[in-house]
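> Line by line, the protein sequences give chains A and B. Under my numbering, the first sequence has 5 at position 5, and the numbering climbs by one with no breaks. Under my numbering, the second sequence has 1320 at position 320, and the numbering climbs by one with no breaks.
These aren't lab readings, by the way, just hints derived from the structure by calculation. Some hints here could point you the wrong way.
[Said to hold, decoys possible] Ranges of calculated distance between the beta carbons of each label pair, as one might list FRET restraints: (1) B/E1053 <-> A/E275: 38 to 44 Å; (2) B/G1048 <-> A/R39: 32 to 38 Å; (3) B/P1252 <-> A/R39: 49 to 55 Å.
[Stated by the list, open to error] Keeping only pairs whose Cα atoms sit at most 27 Å apart, straight-line, the calculated DSS-like set for lysine-lysine is: (4) A/K20 <-> A/K147; (5) A/K298 <-> B/K1333; (6) B/K1298 <-> A/K179; (7) A/K288 <-> A/K276; (8) B/K1290 <-> B/K1333; (9) B/K1178 <-> A/K20; (10) B/K1173 <-> A/K298; (11) B/K1178 <-> A/K147; (12) A/K173 <-> B/K1227; (13) A/K147 <-> A/K173.
The C-beta atom is built at its ideal place from N, Cα and C for all residues, glycine as well.
Number of protein chains: 2
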Amino acid sequence: MSVTIGIVGATGAVGQELIKLLLDRMFPANHIQLFASSRSAGKTISVGQHSWEVVEAVPEAFENIDLAIFSAGGSTSLALAKEAVARNCIVIDNSSAFRMDADVPLVVPEVNPDAVDNHKGIVANPNCSTAVALMGLYPLHKEFGLKRFFASTYQAVSGSGAAAMIELENQVKSWSEKKPLECNVYPHPIAFNLIPHVDTFNENGYTREELKMLNESSKIMNLPNLKASTTCVRVPVFRSHSIAINAEFEKPVDIEVARKSIEAFPGCELVDMPEKNLYPMPLDFSEKEKCGVGRLRKDLALDNGLSFWVVGDQLWKGAALNAIQIFELMQKKGLI
Amino acid sequence: MSVTIGIVGATGAVGQELIKLLLDRMFPANHIQLFASSRSAGKTISVGQHSWEVVEAVPEAFENIDLAIFSAGGSTSLALAKEAVARNCIVIDNSSAFRMDADVPLVVPEVNPDAVDNHKGIVANPNCSTAVALMGLYPLHKEFGLKRFFASTYQAVSGSGAAAMIELENQVKSWSEKKPLECNVYPHPIAFNLIPHVDTFNENGYTREELKMLNESSKIMNLPNLKASTTCVRVPVFRSHSIAINAEFEKPVDIEVARKSIEAFPGCELVDMPEKNLYPMPLDFSEKEKCGVGRLRKDLALDNGLSFWVVGDQLWKGAALNAIQIFELMQKKGLI
């Protein structure tokens, strides 16, 4: 049973990781097809020994594709995902276009694998910081029952795509040469700076990124009464998002039980020996499948509360890896 | 009435800012004396057109000093502050040595100016992230009555002194040249990384820096029942600390009233027009006297809650400036 996978947005940062991860998993290169906008169509992309010609993403292009992973932004997904589904192609969508759609399962395989069962052609991949945060929140929720949480993110520039990674690199170079820093992707310099602004602002003063953390966590964990307040901040780190979380639970918390639940959770690595200077850091969790959880402690301002720190590769668990894990889950369930 | 000011730790990052700020305020250069450890004694320090020879900080050196600002770490303060006081020298101490001492006022002039009245020779200057956080917390507290808060810090390397600023610079250079990053000040690379570890770890899993935010805020605002949970993180920014805060109040909050209270507060600048990409950022608040407060919004997870973002120059409001403001306050009150 051979499956052909299409990657839409193949030239982007996530697209590139999707190709690498599929090849790492011994997925046959000749069953991968790369799609992009007309601007990139015709280009050749090479990864390792393999090369592909990029095909323009138009409705007809999905005729012979079994599963397409969309990672080219919301407007591309809105324009093409349903066209792909109409051609019997299953879509795993990395954009925010369908995530809160009641008909579309929003899936983190370690958290809500059975949500894929009722898919109607599209399965949504969560927001990057939400996926990473859940690697800490969900195992603790299973143990103690999550009521609400406060999160502050430290988000890498990879979340804004390949151009943002180049922008940080160029700004650091300009800074070394005492030249002015050029800003194209972000409205302000990101080198040696922080920008408390990820995605666009909503009327209530939160950014859409900040609201995703609440809405998507609530949908994925099936917790309609969950409360959350998040501040999302872009930091001068290339990849891997980090999140400081204060979480309140229904039941009294126990640190040792909390540690064990993190250790036992498949998507997590417990890195929590502060006395030996061991805690998760973005440099250590880049190109890692697992997310790191550490700095676990009883929260001083909540009755049944835990504070902790989660770090995960934004391009992997926050995007490409989770999408591939959804594909693998669907294959295991015989849905593909 | 001429006052002679001694600066202990004159060769450090904060010491240098103390000299610059005093000169900016037209404080006479010949009434400044610089002290440091025996290692630095004899060195000449020049700022602008002025030069001083650094004198070794020994008890007798404080005989003719009216006021000494200590900024050379806790052990120097413990060894010498009381010796200075015994010689009729008032001490403003920037270390954590005496901050929680019941006999020592811990002062942010905009918040608790009258606390200096009962000083017994030593006045403590608060921790840098606490001083910056209070610029947002205190005006809101006056309006709505603070009950508890959650804070995540984004702390610049300047907080670890001049050597840490050089370490970040060197690591960025090594990174550009694809050389390994050398770590001396921090246990891990800070360039393009985050280190969730500021100061040493306490048994309860919090760092001392994280506990200072609660204990010092509680003392300065005279709120013995205040609750707070903080996560302190070092980020690759040269100076200016940033803090994301979720605060809960006694009274219902109103955003416009909150904005006005921030605007009216002397230590604050309201920078809160997200629709125009305006919010406080560390690059904009370095070498600024005021701290920036922005991203003000009703907290989605607290009943009477506000979320906001504060940024302030760690070396200024977080250290040197606040110390000088304490000196000026004491002068105005006729205490010097």
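> Which numbered hints turn out to be false for this structure?
2, 4, 5, 6, 10, 11, 12, 13
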